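Here the numbering used here = 1-based position in the sequence shown + 1.
None of these hints come from the bench; they were simulated from the model. All of these numbers come straight from a predicted model, not from anything done at the bench. Virtual Cβ for every residue (Gly too), placed ideally from N, Cα, C. Any given hint might turn out to be false.
Unchecked claim - Below, simulated EDC-like cross-link-like pairs (lysine to aspartate or glutamate); rule was C-alpha separation at most 16 Å, straight line:
hint : residue 1 : residue 2
1    : K29       : D10
2    : K29       : E9
3    : K118      : D176
4    : K29       : E84
5    : K29       : D3
Claimed, not checked - Simulated restraints on C-beta separations:
hint : residue 1 : residue 2 : range
6    : R86       : M2        : 27 to 37 Å
7    : G291      : S98       : 29 to 39 Å
8    : T212      : P115      : 43 to 53 Å
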Amino acid sequence: MDVYSATEDYLTGLPVLQGWAEACALLKQAARLRPRDWRLPFLACDAVGGTAEQALPAAAALACTQIGILLIDDMLDEDPRGEYRQIGQAQAANFASAFLAASSQAILHSQAQPTTKLSAVQSLSWMIVTIALGQSLDVRNPPDEAAYWRVVQTKSAPFFGAAFHLGALYGGATDVVAEKLEGIGRLYGGMVQIHDDLNDTLAAPANPDWTLGRTPLPILFAQTVDHPERARFLELRQNVSDQEALREAQNILIRCGAASYCVDQLLRRHHMAREALDAIPLIHQDVIEGLLEEMVAPVWRLLGTNK
Numbered sequence: 002m003d004v005y006s007a008t009e010d011y012l013t014g015l016p017v018l019q020g021w022a023e024a025c026a027l028l029k030q031a032a033r034l035r036p037r038d039w040r041l042p043f044l045a046c047d048a049v050g051g052t053a054e055q056a057l058p059a060a061a062a063l064a065c066t067q068i069g070i071l072l073i074d075d076m077l078d079e080d081p082r083g084e085y086r087q088i089g090q091a092q093a094a095n096f097a098s099a100f101l102a103a104s105s106q107a108i109l110h111s112q113a114q115p116t117t118k119l120s121a122v123q124s125l126s127w128m129i130v131t132i133a134l135g136q137s138l139d140v141r142n143p144p145d146e147a148a149y150w151r152v153v154q155t156k157s158a159p160f161f162g163a164a165f166h167l168g169a170l171y172g173g174a175t176d177v178v179a180e181k182l183e184g185i186g187r188l189y190g191g192m193v194q195i196h197d198d199l200n201d202t203l204a205a206p207a208n209p210d211w212t213l214g215r216t217p218l219p220i221l222f223a224q225t226v227d228h229p230e231r232a233r234f235l236e237l238r239q240n241v242s243d244q245e246a247l248r249e250a251q252n253i254l255i256r257c258g259a260a261s262y263c264v265d266q267l268l269r270r271h272h273m274a275r276e277a278l279d280a281i282p283l284i285h286q287d288v289i290e291g292l293l294e295e296m297v298a299p300v301w302r303l304l305g306t307n308k
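Sequences are here, hints too, so could you generate the full structure?
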């Protein structure tokens, strides 16, 4: 099964989206990018012994939420790459509302047992509301580490926790197993956020995190921790459109310990997730292990360690 075309077909077959050509075109555009996250419910379902066909409604629901969340997030972040730049804020907001609502329709339209549908819709609604809180906190730019981790717990972790939870539910897992997989998904979400923060801040030319004054973890560390180059970093940050200034600021991220701190936090969550995984009776544990290892593989390569 091609999970992307299958997810697209499932969603365009929903009564709520049939006949809405613009929404279906936006869905097709998203599917064409083959987002890795759409695979997560399939993998969680496989881990508990389910099939791809069983996981399809869960993946469709997750795809809808991701489209809606990203449409809103790009507007809140004033991201120059956001879809709203092409279709306008009013249309983007309208599409976001539609896709977030359609996520529940993807569940309700499935052939799952009523108890499974209820648990899945509860998981989705909790995730969407919690992420809205996280987005509200994030636009205020976390001023310290405690605020940063609260954003991660409310904005990043819930999406991945729900992805694991939905896939496990549709794979026939017990509530206990599904909830434990949700916890691993939340840890995985924290790892994804740290991984993205590192990649974005070390990219060239300057990522919007630099140019829009955002505070991902490496930049937050360099700005708030007392280190010899802190004043110089704050000065450079005002001029990252200059490639030399950006390169110097990025080198300070490495020298001051910001990058090392991110790696440490990434490995801590990896360890916690592996311990939690070993405590769950899964049919295919290796599926989740592979996801976790993908997150830390760059660290092992950097350290020259075989894991």
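Against the structure, the hints come out as follows:
At most 16 Å may separate the alpha-carbon atoms for a hinted pair to count; K29 and D10 meet this at roughly 9 Å. At roughly 7 Å between alpha-carbon atoms, K29 and E9 fall within 16 Å of each other, so this suggested pair holds. With a C-alpha separation of about 13 Å, the suggested pairing of K118 with D176 holds against the 16 Å cut-off. In summary, the hint linking K29 to E84 is supported, as the alpha carbons are separated by about 14 Å, within the 16 Å threshold.
At roughly 14 Å between alpha-carbon atoms, K29 and D3 fall within 16 Å of each other, so this suggested pair holds. The given range of 27 to 37 Å is respected by R86 and M2, whose C-beta atoms sit roughly 34 Å from each other. The beta-carbon spacing between G291 and S98, approximately 35 Å, falls within the hinted interval of 29 to 39 Å. At about 49 Å, the CB distance of T212 to P115 agrees with the hint of 43 to 53 Å.
The structure shown violates none of the earlier numbered hints.
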